[in-house]
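Fit chain B to the supplied structure of chain A, relying on the hints for placement.
Going down the list, the protein sequences come from chains A and B.
Following the working numbering, the numbering of the first sequence begins with 32 at its first residue and continues without gaps.
Following the working numbering, the numbering of the second sequence begins with 32 at its first residue and continues without gaps.
It should be emphasised that the hints constitute simulated quantities derived from the structure, not laboratory data.
Hints may be right or wrong, so weigh each one.
Identical copies carry no separate label here, and so any pair may be met within one copy or between two of them.
Said to hold, decoys possible - Straight-line Cα separation of at most 30 Å, DSBU-like style, residue types lysine-lysine; simulated pairs:
| id | residue 1 | residue 2 |
| --- | --- | --- |
| 1 | 246 | 186 |
| 2 | 37 | 212 |
| 3 | 175 | 211 |
| 4 | 186 | 247 |
There are 2 protein chains.
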Amino acid sequence: MAETGKAVVLLSGGLDSATTLAIAVEKGFNCYAMSFDYGQRHRFELAAAKKIADRVGAIKHLVLPIGIGDIGGSALTADIAVPKERSDTDMAASIPVTYVPARNTVFLSCALAWAETLGAEDIYIGVNAVDYSGYPDCRPEFIKAFEHMANLATKASVEGDAKIRIQAPLLYFTKAEIIKKGISLNVDYSITHSCYDPSPEGLACGQCDSCRLRKKGFAEAGLVDPTSYIEE
Amino acid sequence: MAETGKAVVLLSGGLDSATTLAIAVEKGFNCYAMSFDYGQRHRFELAAAKKIADRVGAIKHLVLPIGIGDIGGSALTADIAVPKERSDTDMAASIPVTYVPARNTVFLSCALAWAETLGAEDIYIGVNAVDYSGYPDCRPEFIKAFEHMANLATKASVEGDAKIRIQAPLLYFTKAEIIKKGISLNVDYSITHSCYDPSPEGLACGQCDSCRLRKKGFAEAGLVDPTSYIEE
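One chain only, chain A, in its complex shape (with noise of 0.2 Å):
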C-alpha cells in the first residue's frame, strides 16, 4: 500500500534532489519540497528547484532564507574559487573548499522544524556516499545520528510516539544509478541545475566536481545528458 502521510523533501534543484523527490512522490507521500536561499552563488537552482517542484509534483514549495552565507568559509558562497578539473583521486582524498560548514546539518534542522509544523514524520534527503565529494555531512553514520538527535529534538518525542525518519534513498547508488532510477521515474533532467560555478546565463562550467560527477553518470548510465555546458 501506497504512503499517505506527509514527507518534507530537501530540495537542492539538483540532480540527485529532483531524483529523491521523485521517489517520495512515487512512495505516496504528500511532498513538501524545501529550499533554502543561503546566498549561494550557483543561484540557479533556485530558480531549477521551483520547476522541479512543480514538475515532479510537491504540495508545496518553500524557500527559506538562512543568511549562512554571512558565516563564510565555502567557495558556494564566499569569495572563493571554485576548484576546476580535479582528479577522481583528488576527489576522493580531501574535503574541497566548495564544502559549506555544517549545511546538510542546518537544512536537516529546518526541515525537521517544517515536519513538526507540518505532522510530517519523513524527511528526505538526497545524500550519496558513493559518487560525492567527500563531504563529512553525506556519510550514513551522520544520517543516523541526525535522525537519533531528531527523535529527542520534537514536541512529539516527549508528548506521543511520533518517529521522525530521514530518509536517505541515494545513500549507496552511484550516480549512473540515480540516474536509471530518475528516468524510470520521468525526471527531466534538463531542469535540473549541479553546477556550482555558472555562467551569468545559467550555463554549465563542465569542469567543477558537481558537473564531473553528473558527465561521468550520464555516461556510465549511456545515457544523453541533456545540460546545456559552457563549453559546447
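Structure of chain B alone, referenced to chain A:
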C-alpha cells in the same frame, strides 16, 4: 589554566544566555556571540543581545537572519496568543504554544557552522532542565545526542581529531542559582530581556511563562529584579 580557544555562544538576549556568555568569558574563551533574527515577536531581545555582547565582552556578535518564522507553528512567531498566568502544574505538564519547532536544533546547527568556520571546538547554549518551560530541546539527552551528531557532521571529524563540545553550564541550575552565578560575574540583568510578549515600548508583561520564571528566580535568590514590568 584559563582556556584560550574560541567558543561560539548562543545569545538570545535573555537572562540565561547572558549568564552563559559571562561563564564562557570567565573560562577564558574568546567568545563569538550568535543571535537569530527569525521573525520573533519579542524582537527587543535582539537589541538586548547586542548590549549584552558588548558589555560582557564578546569578540564579535553575529545576528543571523533565518526565515523559520515562515514555517509557523509557534506563538513566538505566528499569530497565536502567548499564554499568561499558567500555573506551575500547567507549566510542568505540557509543552506550551510558545515552543518554536526544533528551534534549539536549528540554532545549534548554525552555531556548529560558525564554529567550524572559526575553528572553535566549544559551543555554549543556555538551556536549562530545571526551571524551564517544558521544551523537549532543553533536555540533557537532546544536548548529548546533538553533540554526538555534530562530531560526525564536520570536516574536522573526517580530517582531524577536533572535537565539538556542546557546553550547557546552566543545565542543572535552578533559575535562582543562575541569577546568583550571573551576579557573581557582574552580569547586569537590567539589560537582558526575557518576556515573550512585551509592550510596544519593550516593557515585560510580567505574566508569560518566561516572566514568571524570571520573577520567581529573583525572589528565590533574594535579589531585586531590575526588570521593568508593564503592571508596575
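Do the hints match the structure? See the list:
For the identical chains of this complex, residue 246 and residue 186 are inter-copy neighbours only, at 26 Å across copies versus 43 Å inside a copy, given an alpha-carbon limit of 30 Å. In this assembly of identical chains, the alpha carbons of residue 37 and residue 212 lie at most 30 Å apart only when taken from the same copy (22 Å versus 46 Å across copies). In the homo-oligomer, the alpha carbons of residue 175 and residue 211 lie at most 30 Å apart inside one protomer (26 Å), although the nearest pairing across protomers, at 40 Å, exceeds that limit. With identical chains, the CA atoms of residue 186 and residue 247 are at most 30 Å apart between copies only, with a shortest distance of 25 Å across copies and 44 Å within one.
Figure legend: structure checked against the earlier numbered hints; every hint is met.
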